[in-house]
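*Asks:* The lines below spell out each chain.
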Amino acid sequence: MVLTEEERLLIMVLSGTFGMFLLVLGIVIFFITYKKKLIKQQLEMQTLETEHQLKLLQGIIQTQENERKRFAEDLHDEVGAMLSTAKLNIARIERSADKKAAELATETKSMLNSIITNIRRIAKDLLPSTLEKLGFIEAIKELCNSVNKSSIINASFEEVGKYKRQDIKIELALYRVVQELVNNALKHANATEIKIVLKCNSKQIELEINDNGQGFDLEQVKESGLGLRNIESRINMIDGKLDYFSEIDKGTTAKITIDIS
Amino acid sequence: MILNKLLLNVINYQALLVILPVTISLYNFSYLTKGLKTLSYYLYFSLTIEILVKLFNEYIDNNLPALHVFTLIEFLLISMVYFYSINSNVIKRLVLTITLLVSVFIVINSIYIQNIFSFNTNARAIENVVFIIYPLAFFYSILKELKILKLEKEPMFWINIAILLYFSCNLFIFIFSNYIIDSLSHVNNLWIWFVHGFFNMLMYILFAIGLWYSRKKNAY
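Chains A and B supply the protein sequences, listed in that same order. Numbering follows this note's numbering, with no gaps: position 227 of the first sequence is 228. Numbering follows this note's numbering, with no gaps: position 183 of the second sequence is 1090.
Just so you know, the hints here were simulated from the structure itself, not pulled from any lab data. Only a predicted model underlies this, so the values are computations on that prediction, with no experimental measurement involved. What you were told as hints is all true, and nothing was included just to trick you.
Here are some of the chain B residues that sit facing chain A, going by a computed Cβ distance under 8 Å:
1. F1046
2. L1058
3. L1078
4. F1079
5. S1090
6. N1095
7. V1102
Rough simulated footprint, nothing fancy, chain A against chain B, three-plus residues with beta-carbon under 8 Å:
8. 1061–1074
9. 1081–1089
Backbone N, C-alpha and C fix where the C-beta goes; we use that ideal spot for every residue, glycine too.
Given only the sequences and the hints, what does the whole structure look like? Please build it.
*Replies:* Below you can see the structure in the form of structure tokens.
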């Protein structure tokens, strides 16, 4: 069959057009498939990286806790014991010395009492034994009591719903976060009141810490604040969610939510 | 006869489907990026030319000079769409250089090389090749950056396919357009230009989809 010039032109144009159409279709399908593959690989790498970072973080925090425990025990067992012995010796000197020396001994005994109290407080902050023995609620109540005794801030704690004891890692993380936030309020906020509210149900725990202090610029602190990052790290480790609200002269509120279902 | 009439109607009126993406672009104008706004200007220009050609068809024997002007403006505007949409500075510079060189060629071709009353096949062919390269470069840049997670919601994804499809599939038609008009019978001409019209309509539909997603993308 001999094709005419016209037929040859027609076939060439139509088959060229059809060929280009198939080529474009192939390119688009390849592009979509390849991109999906690349995205999947990227997500897998990101997941691995996140898991690795989390493991590192867990290691760092565990090491931190181990060091704190060791330090607290050394402080209590060694330094605390030696100070108590020194206090006894001073008491003996106070009883047997002359008037001037006795006055000096009394003053020294008072300083030693102060040092022993501070050492005990530091050791307690480092190793909250109440947390381990009696649980989160009692540890927070004790924290509030010690804040109320030693400063002009009024710290209060409220429990809404029935709290069920959680894994020690969760309780310790929550306790450290409360500790950090209370310390921030004491050091920087110029607050007169700190409210800690714990809301519990069968599905989640919600912990809210609020102070009526001077507030701060959240964006500025997020860039430079190690304390805030530490808090976020601890909450991430226990799969919790942290919401932070602060405005200048309007106080600060931190809300932590943990799913326990 | 009925089939011929149908083909003729599609050929004559297919370009008016540009009203669809024009309407969507006007509706979403405030959400459009610089690249998509430039595409919109191309669509408004296309619609204007279509209307003018339809209005003055009876009075003008050969309106191919309009195609020469249309080719230049189309080339400049679509090139700028890619200039604004691609993030890579290297590719941007390349686009600018190619746009400049090819624009000069289009003008020279219309004035000195090909008759202004015939199809500007040289210019259309080069334009087609460039508008195959630009979409491929855009796809390459998306693969390299990996910033877009949901392709189907990305406006430029649809617009890029539209341009690649239209200019690739019409490459042979545009290269041989003068031969097609002169050598093919009326019926075969109808089929060829129907195929061109079909891909033109497909391009406008894909433009419409892309412009529709511009609101969804920038609203979140």
